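**Student:** The lines below spell out each chain.
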Amino acid sequence: MSLLTKEYSRVKYISGPLIIVNYIPELCYGSIVEISNKTGEIRHGQVLEVSEEYAVIQVFEHTLGLDIEKTFISLLENEATLGVTKDLVGRILSGSGKPIDGFGEIIPDIYLPISGQVMNPTSRERPSDFIQTGISTIDGFNTLVRGQKLPIFSGAGLPADEIASQIVKQAKVLGEDPHFLVVFAGMGITQREANFFINYFEESGSLNKVVTLLNLASDPTIERILTPRCALTIAEYLAFHLNYHVLVILTDITNYCQALREVGAAREEIPGRRGYPGYMYTDLATIYERAGRIKEKDGSVTLIPILTMPDDDVTHPIADLTGYITEGQIVLSRKLYRNGIYPPIDVLPSLSRLMNNGIGKGKTREDHRQLVNQLYSCYAEGCEIRKLVAIVGEEALNDSDRRYLKFAQAFEEKMINQRDTNREIGETLKLCWKLLSIIPKSELTRINKDLISRYFVEIMEDGVESPFL
Amino acid sequence: MNNEKHGTIIKVSGHMVVAKDMQDSKMYDMVEVGNLRLLGEIIRLDKDKAYIQVYDDTTGLSSGELVYPTFNPLIVELGPGLLGNIFDGVQRPLEKIELMSKNFISRGIKMNALSREKKWYFIPNVISGDMVEPGDVLGEIKEKKNIIHKVLVPVDTYGKVAKAEEGEYTLEEEVVFLEDGTKIKMYQKWPVKIPRRVKEKLGFGRPFVTGQRVFDCLFPVAEGGSASIPGGFGTGKTVTEQTLAKYSEADIIVYIGCGERGNEITDVLHEFPELSDPKGEGILMDRTILIVNTSNMPVAAREASIYTGVTIAEYYRDMGYKVALMADSISRWAEALREISSRLEEMPGEEGYPTYLSTRLSNFFERSGRVSCLGSKERIGSLTIVGAVSPPGGDFSEPVTQSAMRVSGAFWALDSSLASRRHFPAINWHRSYTLYFPLLRDWLNSRINPDWEKNREKVVMILQKEAQLQEVVQLVGPDNLQDEERLVLEISKMVRDDFLAQNAMDSIDATTSLEKQFAMLDNLLFFYEECKKVIQEGVSIQEILDLPLREDLSRQKSIPEEEFVEKTHFLKKEIIDKLDKIQKYSKVTI
Ligand SMILES: Nc1ncnc2c1ncn2[C@@H]1O[C@H](COP(=O)(O)OP(=O)(O)OP(=O)(O)O)[C@@H](O)[C@H]1O
Ligand SMILES: [Mg+2]
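In order, the protein sequences belong to chains A and B. Heads up, the first sequence is in my numbering, so the first residue is -5 and it goes up one at a time. Heads up, the second sequence is in my numbering, so the first residue is 5 and it goes up one at a time.
Chain A with its partners taken away, still in its complex shape (with noise of 0.2 Å):
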């Protein structure tokens, strides 16, 4: 959509990612140039700030090879826009939302701008479709909603990506045949990482229902700026104008961050946390904010975004603004993981706070909140005698303490360490009280008496030893 405006050699200064140039009438806050130089190499960029005397642009590629008098600027469009169409399901997109997989343009519906607008508040309607996603610890304990925006907290190493792709293949919404599909964006990821999705999404025959973005670890920073937006473009006009549920993948937040704060290095900002910049927190908003679901529109965007948390530290300000800003989150643990538990997914700083929209009586089962409620109560209270047991032996517990202690260790074994099948949330639910027979029927009171007496696995009862003391 070049407008063709004059082309301007005005360029003052380059630094980093920033191009520094003389008045250019035409340039507005937020614009798209395109940048050449005299190879004839064009490049894109965005303008930052403008004012009566000069503008900074920031480059999305590489600045390398550009210089001061040899480089020239022409304005491309007000505003950074995206061609969407749904014939974008199916293909391969750079990280700026260009085709890369050699099946040609495509023709857009509509231009629709990348920023997004902002979702008005009283036109959301509450997600609380439950998404069946086969995996206890998420359905079971963190459940997932439609329309929700539940990150995965990773470490390097971790088997983040696993579990996404499972989530994509075993999605589903109980009772219904979904209008399903997936925008997949990934941000600074290896080579090796984006193979393995598109693999995993071509071995399980779902890459026809996936939009891939990739901006790979060796493709421009900056461009990873952009990535993020591009996918929520195509995920919002997938499900708002077209009536999908679209599930969009966000890998790696932690490389977009750092490209975030190399801008803000460039432009000299005062750094924040860790010099990450002040506003980040709004900025990650404005891209987590895009989840939802709107009022009398039967299509949804659930968004799952995965980082890396560096050092597995939690309080790192790249988990920390996402925490504040995701409806919860799943963690993956190292020490479940070393202990070969597969998915390692800790359910105790793990949340998902759409949960109760979407669980109990006729969503799927009257029991559910309460027993799990009583099964993370038991699960922590275990986790805590097994840190004292470290410190004094097991010697020094008594009887209900060695209960517990079994609990904690028969929950990671049966419930978390399910490997990679597939389990109905039925399923899940038996397994919970099965394992409260460890638990003595008094002390279950975070459950009430009706429930109680209907589902209590009574052959535990009178003697009978649980099966799995």
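A hint or two may mislead.
Listed below are the simulated EDC-like cross-link pairs for lysine to aspartate or glutamate, each with C-alpha atoms no more than 16 Å apart in a straight line [to be verified]:
#1 A/Lys443 to B/Glu555
#2 A/Lys443 to B/Asp510
#3 A/Lys289 to B/Asp556
#4 A/Lys355 to B/Glu102
#5 A/Lys289 to B/Glu102
#6 B/Lys15 to A/Glu20
#7 B/Lys106 to A/Asp81
#8 B/Lys15 to A/Glu43
#9 A/Lys291 to B/Asp510
#10 B/Lys576 to B/Glu555
#11 A/Lys443 to B/Asp556
With the C-beta cut set under 7 Å, the calculated list includes, among others, these residues of chain B facing chain A [said to hold, decoys possible]:
#12 Ile109
#13 Val303
#14 Glu354
#15 Gly356
I should point out that these hints are in silico values taken from the structure, not numbers from a laboratory. The structure displayed is predicted, hence computed values, not measured ones. Heads up, the beta-carbon is just placed ideally off N, CA and C, and yes, glycines get one too.
We have chain A already, so just place chain B with the ligands on it with the hints.
**Tutor:** Leaving out everything else, chain B with the ligands in the frame of chain A:
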């Protein structure tokens, strides 16, 4: 050329715009910026240059575009139609915007906060010849089923009423005429950054009853006081704020979603119209006003949102209502402040926040209070402020938490480790505190039970003892404790799990009356005292633990309010009977 008075943009950087030829403008004046006429506020003047923070996205704005001064600061409209409504940070009505711009908010929309078409039935309180002064009630409007809106004499208006007639009016029609020619409408305007006037601030005398056991019992806040709730992500700030909005004893709730999630507002909009008002027959939504500037909405309007909210809250306080303001989250407001300050290239203070952070924060919290309202007749209103704080990394030593701690009278510290164990509300009983208890003690002892204070002290003692014992256990293991010490551990676990923890999602447990709170705790403490006695008589702790009493006590929370009095009475008898039995039995075996 444009004849309207105007300046010219010379720089656009994010939501900050600099314009020249602005010499006639004043600090904090509102301006309209660029061809789209986006709303903005002047935050620095430098000769003829004005630095403007724009309340909308500035994409597409360019130097050379014009800026139109309004010569007025940011004001809000105060009048009937606020209740049940939802506004953005600068009081644009979001439901009306939805009608205009569909599901997504478009830029540059300008709209009256209050409807000019709607007719309200005005019943005067004054007749001609009455002398009136600022704050006097001129008449009443039934704004919602159970809520009367009082039309007040605006500030600086004195005189004799010439005419005041009952009837249906729109907001632009005058309803009361004074002899000097002053005409008064049913709504007024007020600049948000200036506190509304009162006759006098009064002392605190009664608690702001929240229905949450951990607050009412251990860390109460006074009506007209203020509390802050700091906590890392997912520790329960929003659920607490919403629970307080639902169940606390207030007439009017102002809920500010400041830089938080869109879906949380959807929750409120979904739940509040279905919940009934704890006091009347009306619905909760009818006494609620929502101010919403979600995290993805423009940062400058986020900064304004808490002022918009607090001014509306003061307005209802001035009518003599008990108002509660929930702000979620103060940290997002502070970050907006930081962002603006850094665009102004001001000298940063701690963690990049401007040095005036704590002054601004205390100015905000200081707008709470129990007051004698303006007007010739005595009228008391109150505004209680509860602000959530989101410290980065959950670290309370950061500037926003520290400032909030200094200015609020109650500090409700949330704890990630409690939250991950699903102990909710995840209030850390060691780190939290309240300065109000000494002021509320008499009220609680005389109105609820003479033992209120005594029981509170006992609980605090038990929890402290537990912390000490746990250190011992960490060293030597639990089996080296005396039975009496083990009893303390058991009881404190019960206090934590069965009393302090309270499930906001459970229909019965979500709120507890002060009477039931007292009884629940009293039973637990009674159990403790009785156990202590029998242990001294030689009964072992294990024998006690084997009794079903613990389970009965822990199920107290699921007993409905109506049945409670009867059942708790019965419970005490059970405790005596059962303990008696094992004591006799153990004596026999000896
Ligand atoms: N009183 C409570 N009863 C039951 N569950 C609770 C309670 N308080 C919090 N929770 C649980 O904790 C989750 C997180 O709470 P909440 O959303 O209030 O956290 P927050 O502190 O506001 O986090 P953030 O800073 O990220 O907004 C809730 O979704 C809910 O599951
Ligand atoms: Mg919150």
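**Student:** Identify every previously stated hint that the structure contradicts and give their numbers, smallest first.
**Tutor:** 3, 4, 7, 9 and 14
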